[in-house]
Structure formats: structure tokens, C-alpha cells
Amino acid sequence: MSENIPLTRYAALAINNEQDLCFGRAPKPLRTRRGIVIGGGEVYPELNFTLPAISVEQSNHREICRQYRQIISSALTRAVELEASGLVVEFETLPPMTENPQWAIEITKILADAMEDAYAKDGLRSALRITPNDTREFIRPPMMRSGEKWERMLATFEGCAAAGAELLSIESVGGKEVHDDALTMCDLGAVIFALCVMGVRDMQFLWTHVTGMAREQGAISAGDTACGFGNTAMVLAEQKLIPRVFAAVVRAVTAVRSLVAYECGAVGPGKDCGYENSILKAITGYPMSMEGKTAACAHLSRVGNIAAATCDTWSNESVQNVRLLGGMAPTCYLEQLVYDCRLMNRALSHGRESSLMLRDWMVESDEGLDPQAYVLSPASAIAIARAIVAERDYYHSGKAAALRAVELLREGARGGRLKIGAREMPYLDRMQHAVESLPEAEDAFIGQMMDVVDLGKFVPKDYGL
Amino acid sequence: MVNLQNLASAIEAGNRVEATKLTKQAIEDKLPAKEMLDAMVGAMDSIGRKFQRNEVFVPEMLIASRAMKESMAALEPVLVKAGIKPAFTAVIGTVQGDLHDIGKNLVAMMWKGANFAVVDLGTNVSPEKFLEAARQHGARVVGLSALLTTTMPAMKQTVSALKGAKVPGLKVVIGGAPITEEFAKEIGADGFAPDAASAVDLVRKVVAA
Numbered sequence: 097m098s099e100n101i102p103l104t105r106y107a108a109l110a111i112n113n114e115q116d117l118c119f120g121r122a123p124k125p126l127r128t129r130r131g132i133v134i135g136g137g138e139v140y141p142e143l144n145f146t147l148p149a150i151s152v153e154q155s156n157h158r159e160i161c162r163q164y165r166q167i168i169s170s171a172l173t174r175a176v177e178l179e180a181s182g183l184v185v186e187f188e189t190l191p192p193m194t195e196n197p198q199w200a201i202e203i204t205k206i207l208a209d210a211m212e213d214a215y216a217k218d219g220l221r222s223a224l225r226i227t228p229n230d231t232r233e234f235i236r237p238p239m240m241r242s243g244e245k246w247e248r249m250l251a252t253f254e255g256c257a258a259a260g261a262e263l264l265s266i267e268s269v270g271g272k273e274v275h276d277d278a279l280t281m282c283d284l285g286a287v288i289f290a291l292c293v294m295g296v297r298d299m300q301f302l303w304t305h306v307t308g309m310a311r312e313q314g315a316i317s318a319g320d321t322a323c324g325f326g327n328t329a330m331v332l333a334e335q336k337l338i339p340r341v342f343a344a345v346v347r348a349v350t351a352v353r354s355l356v357a358y359e360c361g362a363v364g365p366g367k368d369c370g371y372e373n374s375i376l377k378a379i380t381g382y383p384m385s386m387e388g389k390t391a392a393c394a395h396l397s398r399v400g401n402i403a404a405a406t407c408d409t410w411s412n413e414s415v416q417n418v419r420l421l422g423g424m425a426p427t428c429y430l431e432q433l434v435y436d437c438r439l440m441n442r443a444l445s446h447g448r449e450s451s452l453m454l455r456d457w458m459v460e461s462d463e464g465l466d467p468q469a470y471v472l473s474p475a476s477a478i479a480i481a482r483a484i485v486a487e488r489d490y491y492h493s494g495k496a497a498a499l500r501a502v503e504l505l506r507e508g509a510r511g512g513r514l515k516i517g518a519r520e521m522p523y524l525d526r527m528q529h530a531v532e533s534l535p536e537a538e539d540a541f542i543g544q545m546m547d548v549v550d551l552g553k554f555v556p557k558d559y560g561l
Numbered sequence: 355m356v357n358l359q360n361l362a363s364a365i366e367a368g369n370r371v372e373a374t375k376l377t378k379q380a381i382e383d384k385l386p387a388k389e390m391l392d393a394m395v396g397a398m399d400s401i402g403r404k405f406q407r408n409e410v411f412v413p414e415m416l417i418a419s420r421a422m423k424e425s426m427a428a429l430e431p432v433l434v435k436a437g438i439k440p441a442f443t444a445v446i447g448t449v450q451g452d453l454h455d456i457g458k459n460l461v462a463m464m465w466k467g468a469n470f471a472v473v474d475l476g477t478n479v480s481p482e483k484f485l486e487a488a489r490q491h492g493a494r495v496v497g498l499s500a501l502l503t504t505t506m507p508a509m510k511q512t513v514s515a516l517k518g519a520k521v522p523g524l525k526v527v528i529g530g531a532p533i534t535e536e537f538a539k540e541i542g543a544d545g546f547a548p549d550a551a552s553a554v555d556l557v558r559k560v561v562a563a
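If you read the sequences in order, they're chains A and B.
Under the numbering used here, the first residue of the first sequence carries the number 97, and numbering increases by one thereafter.
Under the numbering used here, the first residue of the second sequence carries the number 355, and numbering increases by one thereafter.
There's no promise every hint is true.
Claimed, not checked - Straight-line C-alpha distance at most 25 Å; calculated DSS-like pairs for lysine-lysine:
{"id": "1", "chain 1": "A", "residue 1": "LYS553", "chain 2": "B", "residue 2": "LYS423"}
{"id": "2", "chain 1": "B", "residue 1": "LYS404", "chain 2": "B", "residue 2": "LYS435"}
{"id": "3", "chain 1": "B", "residue 1": "LYS423", "chain 2": "B", "residue 2": "LYS466"}
{"id": "4", "chain 1": "B", "residue 1": "LYS466", "chain 2": "A", "residue 2": "LYS553"}
{"id": "5", "chain 1": "B", "residue 1": "LYS404", "chain 2": "A", "residue 2": "LYS515"}
Claimed, not checked - A short, non-exhaustive set of chain A residues, derived as facing chain B with CB atoms under 7 Å:
{"id": "6", "residue": "ASP276"}
{"id": "7", "residue": "MET281"}
{"id": "8", "residue": "GLU334"}
{"id": "9", "residue": "LEU337"}
{"id": "10", "residue": "ILE338"}
{"id": "11", "residue": "PRO339"}
These are calculated hints, taken from the structure and not from any lab test.
Even glycine gets a Cβ: it sits at the ideal position worked out from N, Cα and C.
Please work from the sequences and hints to get the whole structure.
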């Protein structure tokens, strides 16, 4: 399967001008089965949900299916009532569902059938994204390229695609074995090793398989996210465990890893929690899903508005199916997403100047307050994207992304456009020194890192090392 | 004669070369082992408090912890000879179904810095494994971590298993992003810590109770 997927290396940007990097429009829009054109001039809500605290096991299976049936039924009804012109629904499985693919497939069918009914009865156009868990990490050290976990993950993709899921995504974890420690030590060299040596190798292996599977099933290879990397950094920064400037630079480097999915045939929309998607949209031209203020139900962030500036679907990340005053939480969040999208679509309908005005307000309201927002502005995203594609390999792209991000932050702080806390400022010098001290040749870097990383935590041959 | 305040400062600054050198000198000077240990634990307490006050980030704590670890390696034989043992044994792990371990690792680090003997069971740990480890190592405390709301039931099951086994003197403490004081009470845990540094004080408190 994998031999048939040619690898595309991006050497130039699809979007060169920051005025062209905006929500709702992508140079390479995506048409779904029911006619939604993502990135074609309209932003669509992307609803995600999860169960309340419940053991996902056979004895609860009937109740779990009942909950998913209720979630989708209520959400679709509300989408019709609010006259949403389209909707993307994401079913992100819980680990036991990827472990037992038949459970994931059954729930996919519940969701897909309801969505088809809403299309037939009410004309509601929708597309279903399936995101199995990357359960390979449930074995320590993980077996990344073979074994029962890998087989069940693929079976979940295949079965769910056959059951009606149209967009295939995952939050893959290759490289996380080293990255978690790298984050807590603020070790940028180890971050680059995890993302741009280990991560990219795993992404190539994984995404050639996912794209092959998508083609066999008539589904769409959508995209990945560096959630377990960039968002872990973001959460640690929010908890004041690591500096925000470090999380911002990690975000820039994650784009190198997430890009590989598109090199292996993914066409978007990139997964919502990949905040690096603004950089990836500039490189690939594919539409992207994003999340921000309306995902506070899942996690807090400092990028609530700016994340929407470049989105093509707008997501709530995840919300538990619990009762709120307005109704069940997924329905309430569907409504919020619909209104967010209405506003963006209204701006789009007024033309380029209006949509850029709204985009710029969203950017300006966040970018000066946090380094993690600053690196996501259209101008920063294009600068980082340009640094990435200018390099000959992933290692050098990672270094270039990090250095460009440090430079952007330094310029922002110096120019008074960005607030950086006093105790964070020394980290800019530390990060720059760390990257500039890395060996020039990737082989030498790998040799150096293999001497210091914990080889008990991963299987080098599973990364081609 | 080595000034133990200098040893504490070296550990707190994460200067492991200096800290190890001062430890060895202090041993040669035949300073009381307990005083050396107290200086080291005091240094980790101090950096933990700085972390709680948002004066340092985690890397600074980790670097201090490494300095302490190397100094402890030098001090260990002296402590054994003097009959000084770790305060008590604590077992820690992330509950079944949950693979997140950053928070758990930070708590383990802080506990080691407080001179607890720590048995780290890793992630995705079943209730049976927690119980077995607590018995095998004579633990006074078991720490449970969870990041996912969907693994909170596993935390409840683990607390039930540990409490149901009625191991004399055993306390169970919990933590993790979705965990609250209220949830800890609801499932019968002995305590809850909102962050790694607080987990040291929490354990000292529940063990003393």
C-alpha cells in the first residue's frame, strides 16, 4: 500500500502573501460527498463531543450507543433550526473503542446514518471525520509499525470509513516518548529530535498507510495534529510549568512534523487541535480546521480569537455530553459554533476587505498578549512557513522554524508589539544558543542525541534509526 | 569545614558539580549525616516553594532535583551506616487506561526531593498492581494520577481496591487536571493536590494524621 503513495516535498509556499491567509478561503478547497466545499469561501462548524465519565466497556455499550444517538440527533436538529448551511462532525474515539474496532464502527454508523437522514429530510449537508486513538503508545516502549495495536488502529480506520466516515484523521504520537521529557526540561535540541527526526519518520510511515486506506475506501485523507506535542507545551505553559516563549517556539517546530501528513497525500481539513495549521495552510494551500475560544470547554488557551483567523472549519475540540442550562452540552456548543461561523461568513460575503478586517481584529486582539498567539498571526505563520520550506531536510527545517520563531518573538518584544514576562526573556537567548549549538549535519545530530536520550523509552528501528 | 548552607544553595541552583563536591567534603569533614540530608531536603523544599510562587519554572526544579540525586548518591552509604532511612515509601502511578505521565513524574521528583522512597509504577496501572506494589514495598502512601475525565472511574476503582484491602496505615492521594477536592472526597481518597509542589505538603500532612 505505502509504496504507491508518492511523497511530495514542499519547496515553496501556496500562500505567499499574508493578505491571502484568511479564514474561509484556501487555494486548494476540498469538496465532500454531500457538496460542502471546505475552504471555498465559507467557514463550517466542526462539532466534537465525548462521553461523560463512564467506563467504556461491554456492559455499558448500550448506554454508550444511546448517548451518541442522542448527541447527534439533538445537534443535527439544532443545526437545521439554525439554518446552518453545512456541518462537519468529528467522532474522536476513546481508547477502548480503537482497541475494539467493532464498537467504533457501530458508533460511526449511528452518527453517519443520522447525518444521512438529516441530509435526506432537511437538506443538511454534513461530513463525518473519524479520529481513532493512536493506541500504539499503550505498550511501552511503543511498537510503532506492527503488532496488535497497530492492526486494530488500522482496522478502526478501515471499518469506520466503510461505515460512513469521510475524513480520516488521527492525533499521532510518534516521538512523544522523547518529547515529554524534552518539554519539562525545556530542551530544544531534544524537541527537534523528537519532532523532526523521530516524529517525521513515523508520520511518513503512518500517513502513507492512512492515505492508502482512504483511497481504498473512497474516503479523504484529512490530516494530523501535533496535539501531544504543541498542545502539551501550551497546557504546561498555561500551568506556569514552562515559559510561554518556549511553548511558542515548540509550536513553530511542530509544523515540520504535521506537514508530513500532507506530503504523504493528506488534503485537509487539518485536525482542529493543530494550532500549527495556520503555518501548514500557508505551505500546502489545503483547508484547515482550527479551534480557540469556543473550545474552552475542552481546554484553556491564549489564542482564542487568533486561531479563527485562518480557519476553514471551526471546532469546539471536545465537550462532555452533560446537561447545561441551555440543553445538552454538544448541542449548546453546536449553537456557539454556528454563530461564530455566521459572523465569519457574513464578513466573507462582504468581500475581501471586510473579511480581512474581521481577521485582523481577531489577530490583533490576541497577538500582543502572548508569544503563543504571536507566532500564529498570518505574518508570523508565513515567515515560519517560509523558513521551513527553504531548508533541504526536516532537521534543518526544524532548526530554521525554531530560530525564526525566536527572532519573531524578539522583534515583537523589542518593538513593543508583544508582551513577554521578565522571567521568560532569558529563555530567548537560551533557545537561540541551544539551536545554534546543534551540529550542522543531521547524522551527527542523531548520533549525539542517541547518546543522551533514554533508549528504553522507544524502539529505534521503529523510527528507522 | 563545609558550610551546609552552601551545599543547599548549590542544589537549589542546580549546580550538580559543586553540590557533589560539597557533599563529599562534608562527608570528609564528618558532618552529621542527618544535617547533610536536612540541608538537601531543605533546598528542594525551597525550590518547591519558589515554584509555587511562580518564581521558577519546572526545568529549574528538575535541574535542582538532578543535583540532589547526585549528591544523595554520594551521601547514601553514610546514611545507611548511620541508620537513616527515607521518611517512608510512596507508590505512584497513572491509573488504568491513562497514559499521561508528565504530572505524575513531577510529583515523583518532588517526593524524592523530600526524601520519600518512591516506587514509580508508570502509566496505565491496574488497581491490582497498585495494591500489590503497596504491599510489597510497605508503602505508607499511594499517589494516583489521571488526566482524562474518562479515566476518573478507574481512579475510583483503584481507591476502592486500596481502601478495601485495609492495608494498615496506607493513605491514598490523588491528582491530575480533572481532579478536584470534591471528587477526592467522593471516592474516599485521603487527599488531593492541585500541583506537584503541593503534593509534598499533602503527603506529609496525611501521613502525620
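Verification of the hints:
no., hint, result
1, A:LYS553 with B:LYS423, "holds, 21 Å"
2, B:LYS404 with B:LYS435, "violated, 33 Å"
3, B:LYS423 with B:LYS466, "holds, 9 Å"
4, B:LYS466 with A:LYS553, "holds, 21 Å"
5, B:LYS404 with A:LYS515, "holds, 23 Å"
6, ASP276, "holds, 5 Å"
7, MET281, "holds, 5 Å"
8, GLU334, "violated, 11 Å"
9, LEU337, "holds, 4 Å"
10, ILE338, "holds, 5 Å"
11, PRO339, "holds, 6 Å"
Checked against the numbered hints given earlier, this structure breaks hints 2, 8; the rest are met.
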